[in-house]
Amino acid sequence: MPSLPRSLPRICVALGLPTPSQLSRAAEREYKDGSTFLEFRLDHLSDPFAGIELIRDFRKNYSDAHILTTCRHKEHHGRYSGTTEQQLEILEMAAKAGAAATDLEIESAECAKSALPDLRKSAPLFVSYHNFQNTPALDPVLRRLQRIPADGYKVATMARKPTDNLRLIQFAREHRGLGLIAVAMSEIGTPTRVLGPSLGCLYTYAAPSGTDGTAPGQISAKLMRSLYRCEKLTKQSRVYGVIADPVAHSKSPLIQNRAFQTRRIDAVYLPFLVASPHLKDWMAAATALPVSGFSVTIPHKQRILRYLDNIEPLAKRIGAVNTVWRKAGKWRG
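Those letters in the sequence shown? Residues 1 to 333, per this note's numbering, in order.
Possibly wrong hints are sitting among the right ones.
[As the list claims (entries may be wrong)] Restricting the straight-line Cα-Cα distance to at most 20 Å, the calculated cross-link-like pairs of lysine to any residue (SDA-like) are:
| id | residue 1 | residue 2 |
| --- | --- | --- |
| 1 | Lys316 | Arg306 |
| 2 | Lys232 | Gln261 |
| 3 | Lys121 | Cys111 |
| 4 | Lys316 | Ile298 |
| 5 | Lys327 | Glu312 |
| 6 | Lys251 | Gln261 |
| 7 | Lys235 | Ala288 |
| 8 | Lys121 | Arg56 |
| 9 | Lys121 | Met93 |
| 10 | Lys113 | Met93 |
| 11 | Lys32 | Arg56 |
| 12 | Lys60 | Arg25 |
| 13 | Lys327 | Ile298 |
| 14 | Lys60 | Ser122 |
| 15 | Lys330 | Gln261 |
[To be verified] Here are the computed distance ranges between Cβ atoms for each label pair:
| id | residue 1 | residue 2 | range |
| --- | --- | --- | --- |
| 16 | Ala328 | Gln22 | 52 to 62 Å |
| 17 | Lys316 | Arg238 | 18 to 28 Å |
| 18 | Lys327 | Met1 | 44 to 54 Å |
| 19 | Arg306 | Arg238 | 22 to 32 Å |
| 20 | Ser3 | Glu85 | 39 to 49 Å |
No wet-lab data here; the hints were simulated from the structure.
Cβ atoms here follow ideal geometry from the backbone N, Cα and C, with glycine treated the same way.
Build out the structure end to end from the sequences listed, making use of the hints.
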């Protein structure tokens, strides 16, 4: 039975395009930009079978590329509308054409459990769970997934508040070595996408350059590599960031991460989207992650004071804080 490549990259670029030619061009562009691990979303093609020859040709031209093939059914947040039998046939043909692994959603896997051993003879299999509503209790999700023998498991949930990130990160830590991919979707979930591989996940997903990804909150592979240095982070790397709502416009991640790189500091600076009602929730998540410090901007500069253990005299006099750091287990601002 085939096994996963030992040198599997930490970042998988998710490609969902409507035609084989568009998919081929996007894959080639990402490969030449430094991404050798690519997800081909065959369900995005009007004819998923047309992707088989594309995989064969791409592997012929770029033999060191790793292709993950997915053909998710439209009933389970994909675009494929055929039968489960045809779905498995497409994945098996993709594996035989050179795909490094296949991904099958848990709903289809449960319906075709008896056929999966044959699929795994062609390539390693990931069984995936997606929840586009919220982040439920995760241990029952894992138990459900593990009823299906597979080479790895993916859990993707919707982050609604900062502690959803914390739960997914702790989940990844606890099950390190299981072949697990755990990501929180939405802009709130950014930390899980960047930190996941350093905290126990097999890899993380990214969007192609210049276009949207295939799931909410995906960051471009170029930013993941060059700005956040996702591939170089370890569990010892310090985590900093900026909290705001909105936060996507902030230049702080660009400035601070470039400074870390210049000074060769093992740290990363992330944009944390924290809505006003979630400030207390953020402090719980920041304490447990742990976050070493963070910048504070609108709308939290005044309200953050109530959650700090020590406040400098000038900040107390002004009634606002723009920087928070941790010292001896206490939050200072």
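A quick look at each hint next to the structure:
1. A C-alpha spacing of about 11 Å is found between Lys316 and Arg306, which places the hinted pair at or below 20 Å, so the restraint holds.
2. With a C-alpha separation of about 11 Å, the suggested pair Lys232 and Gln261 falls inside the 20 Å cut-off, and the hint holds.
3. Note on Lys121 and Cys111: the hinted pairing holds, with a Cα-Cα distance of about 19 Å set against a maximum of 20 Å.
4. For a cut-off of 20 Å, the pair hint linking Lys316 to Ile298 stands: about 18 Å separates their Cα positions.
5. The hinted pair formed by Lys327 and Glu312 meets the criterion: a straight-line CA distance of about 13 Å does not exceed 20 Å.
6. A distance of roughly 16 Å separates the Cα atoms of Lys251 and Gln261; the hinted pair therefore holds under the 20 Å criterion.
7. Restraint check for Lys235 and Ala288: the C-alpha separation of about 14 Å stays at or below 20 Å, so the hint holds.
8. For the suggested pair Lys121 and Arg56, the alpha carbons sit about 18 Å apart, so the restraint of at most 20 Å is met.
9. Distance restraint check for Lys121 and Met93: the Cα-Cα separation of roughly 12 Å lies within the 20 Å cut-off, and the hinted pair is therefore satisfied.
10. At roughly 18 Å between alpha-carbon atoms, Lys113 and Met93 fall within 20 Å of each other, so this suggested pair holds.
11. For a cut-off of 20 Å, the pair hint linking Lys32 to Arg56 stands: about 18 Å separates their Cα positions.
12. Between Lys60 and Arg25, the direct Cα distance comes to roughly 15 Å. Compliance with the 20 Å bound is thereby established for this hinted pair.
13. Restraint check for Lys327 and Ile298: the C-alpha separation of about 24 Å exceeds 20 Å, so the hint is violated.
14. For the hint linking Lys60 to Ser122, the alpha-carbon distance of about 18 Å falls within 20 Å, and the restraint holds.
15. As the CA atoms of Lys330 and Gln261 are separated by approximately 27 Å, the hinted pair breaks the 20 Å bound.
16. For Ala328 paired with Gln22, a C-beta distance near 55 Å keeps the hint of 52 to 62 Å intact.
17. For the pair Lys316 and Arg238, the supplied restraint of 18 to 28 Å holds, since their beta-carbon distance comes to about 27 Å.
18. Distance hint for Lys327 and Met1: a CB-CB separation of about 51 Å, consistent with the stated range 44 to 54 Å.
19. Between Arg306 and Arg238 the beta carbons are some 25 Å apart, a value that agrees with the proposed interval 22 to 32 Å.
20. Separation of Ser3 from Glu85 is about 26 Å and departs from the stated range, judged on CB atoms against 39 to 49 Å.
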